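**Student:** The chain contents come next:
Protein chains: 2
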Amino acid sequence: MQRILSTDLAAHEKQTVTVAGWVHRRRLLKSVAFLIVRDAAGLSQVVVTDEGVRAQLEELTEETVVEVTATVTANAAAPAGVELTEPSLRRLSGAVPVPLPFELHRPALSATLATQLDHAALALRHPSRALALRASAAATAGFRAALDRQRFVEIHTPKIVGTATESGANVFALDYFGRSAYLAQSPQFYKQLMVGVFERVYEVGPVFRAEPHDTSRHLAQYTSLDAELGFIADHRDVMALLTTVVAGMTEAVAERTGLAVPEVPAEIPSVHFADALRLVGAAPDEPDLAPAHERELGEWARREHGSEFVFVTGYPMAKRPFYTHPQPSDPRWSNSFDLLFRGLELVTGGQRLHRHEDYLAVAPQPETIAGYLDGFRYGMPPHGGFAIGLERFVARLTGAANVREVTAFPRDVGRVGP
Amino acid sequence: MQRILSTDLAAHEKQTVTVAGWVHRRRLLKSVAFLIVRDAAGLSQVVVTDEGVRAQLEELTEETVVEVTATVTANAAAPAGVELTEPSLRRLSGAVPVPLPFELHRPALSATLATQLDHAALALRHPSRALALRASAAATAGFRAALDRQRFVEIHTPKIVGTATESGANVFALDYFGRSAYLAQSPQFYKQLMVGVFERVYEVGPVFRAEPHDTSRHLAQYTSLDAELGFIADHRDVMALLTTVVAGMTEAVAERTGLAVPEVPAEIPSVHFADALRLVGAAPDEPDLAPAHERELGEWARREHGSEFVFVTGYPMAKRPFYTHPQPSDPRWSNSFDLLFRGLELVTGGQRLHRHEDYLAVAPQPETIAGYLDGFRYGMPPHGGFAIGLERFVARLTGAANVREVTAFPRDVGRVGP
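Chains L and G supply the protein sequences, listed in that same order. Position one of the first sequence corresponds to residue 410 (our numbering), numbered consecutively onward. Position one of the second sequence corresponds to residue 410 (our numbering), numbered consecutively onward.
Only chain L is shown next, with the shape it has when bound in the complex (with noise of 0.2 angstroms):
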């Protein structure tokens, strides 16, 4: 018989379906037992009160895999108001072992992270930790959908490279066909070089960081949304690109999962980083923003502009990468810019450099990059674009201490496995 999902049921009322999912819950009472089994969807009530079939359910272990065809009655007391009952029940996976390592069925799961990291292929089934990996699906597909929408091709980009391209530091060596090669931190020159083919590029990609330190931010591999466009006046087009494109991710996320989402406005307000510090009350010299700064700034815009995003713009240059366009009026500032959500950096971005000498003028050692700084021989438009870390934004969208939380099987110092 056609499987169909718990969330069907209802439709089906007095009829004989067949549901299939894991045993998510059993309560084995005098004169009837309870089983729910869980789904993709969500979860069903199943009813026994036929002695054969309750000996069998005793077998059926938490997690194991089951097939249960039944007659579906009304119950304004079940799940979605119907329960299955008159069950027979068929075991589809191997027998699960006693005790689980924790228990799926509260609200919330009590072990500690790291027991729940040890365990991810069982921990992630717990419908909290599925939802923030529903989060990340669907706002991955509301980034492609608005870059999509305004003529963007995605790329796919070499994660193996030759040099470390953006820095020397943190950086992943391994030994490529018997000589030195490096992970790729991001696909910063790849998509500034595919703006000389399509204009108009994104990338949804794992980047590395060989990061020492282990902290709730940062992670060895994660998931970077990287986008990047040409023929741009300055940062402005890339701000207003990037306004459109997380519009499209919350609005994706809520859509997909239900979960409540802040609201993008059509224009989030903006702050110079020289003005960011005076409004802060820090000296006028301060290279960067502390993060009780960013916390400020944060209260600010919800303040002032009934905002939960603003944008810092014009960073120092000398706290940003070399490929970053100074601003033109006053070349100690440039043409950057953060993105804060909650008092936090959610989006890094800005225009870069597109000229074959400044790269050579400003690079650390250019000779070392030979290789992708030659690709901005052929002429390059003014272009610009942001990353953005996705792990970090469903973080900061669930309210996830740690982004360890909202990643399938996380990789940091201390965890290669599983």
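Please keep in mind that the hints were generated in silico from the structure rather than gathered at the bench. Keep in mind the model is a prediction, meaning the values are calculated, not measured. Any given hint might turn out to be false.
Said to hold, decoys possible - Chain G is nowhere near these chain L residues, computed Cβ spacing over 12 angstroms in every case:
#1 K439
#2 L452
#3 T458
#4 R645
#5 E660
#6 P674
#7 P678
#8 P696
#9 G715
#10 E717
#11 A727
#12 R741
#13 Q774
#14 A796
#15 A810
What the hints assert, rightly or not - If the Cβ cut is set under 8 angstroms, some of the chain G residues that face chain L in the computed set are:
#16 D448
#17 V505
#18 R543
#19 T566
#20 L583
#21 Y599
#22 E608
#23 F640
#24 A699
Said to hold, decoys possible - A few chain G positions that, by computed beta-carbon distances, are all more than 10 angstroms from chain L:
#25 A419
#26 H421
#27 T480
#28 S497
#29 L592
#30 G715
#31 P735
#32 R741
#33 D767
#34 A772
#35 A810
#36 R820
We treat Cβ as the ideally placed atom computed from N, Cα and C, and that holds for glycine.
Add chain G to chain L, keeping to what the hints say.
**Tutor:** Only chain G this time, still in chain L's reference frame:
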């Protein structure tokens, strides 16, 4: 003035407009000069009669980025029936040195593939190379759309793994915070384990093979389109899904690029390995199909079924990876398949083992991959899936002789840059 695309010119006849793009070609005749500007959408012809503008044009070498403000004038002989007259020109990029490594304005690139790859940022601008990458983007979008329609969830899995999960051969080793780790050769186990979370999952991402042979089909990094689904009866459910997915991919390529694509039958003809050996006149104990056999099967499918595609099922267990599910009626054979397209293997897939004890019985060194196999202790439904190599798929669709022609910045035994 707001820039418009070359393809929108005809709608602005007699108006003054701005286009921008790359100097694709110049023809400096005696009394008139022609400038062909290339943007992401196509070509525009600009007619220069003014002497000052002509002097300017003489400095604008091929591949310089220019902005042209001019009048749209009908000319039946020009591309799309219009050309740009009385232009003013503005250079947007740095000056581009001459000569270029090769010319881009001819119908085919004359440079050798090696030269093209050395100057990939330039070569990819050639319309034929760019078209192949647009086809890649379209195929990827078609893959995702077909699976999204069937409630698959997109996942992102680790590319750095603690043990070489599938086999120890052809794996890249890296220094992971002072210990050994490896680049993932496929997301195989991760996508299987995620069936336990979402029932149906897919991933688009890079996979890595330290392939020591320099062939036209192998890359050290390629893009794998992976799907896996639970609650199947056997491999035939996977084949039905794959048929839908391949149809979605070819339709998306046709729609977005205009490339001619093969028709995907609603039911692709299928032949069991044992019957395939008989069909091609091979000995009944042959363990695998030779390339000549695959070509013959392709011919057979076209002749007997009018199909460019054919499934071969039941490959000998001895030749398939250990996670392959045997054929229940005869365990010498497997519930796996290859999809051949025009006589070449395009996709491999099948039903997988789903019981932990079955993995322990067949994995070559189960203790080395215990961290992954542990996930199978928790109930897993019967499941299966497939992996499509994006570059091979696009090479076969476009008729490219070498996968490097359809890869932006390929990596192989001899190449780790640009």
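**Student:** With reference to the structure, classify each hint as holding or not holding.
**Tutor:** For each hint, the structure was consulted:
no.: 1; hint: K439; verdict: holds (27 angstroms)
no.: 2; hint: L452; verdict: holds (14 angstroms)
no.: 3; hint: T458; verdict: holds (24 angstroms)
no.: 4; hint: R645; verdict: holds (15 angstroms)
no.: 5; hint: E660; verdict: holds (16 angstroms)
no.: 6; hint: P674; verdict: holds (24 angstroms)
no.: 7; hint: P678; verdict: holds (25 angstroms)
no.: 8; hint: P696; verdict: holds (30 angstroms)
no.: 9; hint: G715; verdict: holds (31 angstroms)
no.: 10; hint: E717; verdict: holds (26 angstroms)
no.: 11; hint: A727; verdict: holds (24 angstroms)
no.: 12; hint: R741; verdict: holds (23 angstroms)
no.: 13; hint: Q774; verdict: holds (15 angstroms)
no.: 14; hint: A796; verdict: holds (15 angstroms)
no.: 15; hint: A810; verdict: holds (20 angstroms)
no.: 16; hint: D448; verdict: holds (7 angstroms)
no.: 17; hint: V505; verdict: holds (5 angstroms)
no.: 18; hint: R543; verdict: holds (6 angstroms)
no.: 19; hint: T566; verdict: holds (6 angstroms)
no.: 20; hint: L583; verdict: holds (4 angstroms)
no.: 21; hint: Y599; verdict: holds (6 angstroms)
no.: 22; hint: E608; verdict: holds (4 angstroms)
no.: 23; hint: F640; verdict: holds (6 angstroms)
no.: 24; hint: A699; verdict: violated (28 angstroms)
no.: 25; hint: A419; verdict: holds (18 angstroms)
no.: 26; hint: H421; verdict: holds (18 angstroms)
no.: 27; hint: T480; verdict: holds (21 angstroms)
no.: 28; hint: S497; verdict: holds (17 angstroms)
no.: 29; hint: L592; verdict: violated (7 angstroms)
no.: 30; hint: G715; verdict: holds (31 angstroms)
no.: 31; hint: P735; verdict: holds (16 angstroms)
no.: 32; hint: R741; verdict: holds (23 angstroms)
no.: 33; hint: D767; verdict: violated (8 angstroms)
no.: 34; hint: A772; verdict: holds (15 angstroms)
no.: 35; hint: A810; verdict: holds (20 angstroms)
no.: 36; hint: R820; verdict: violated (6 angstroms)
Violation of the numbered hints given earlier is confined to hints 24, 29, 33 and 36; the remaining hints are satisfied by the structure.
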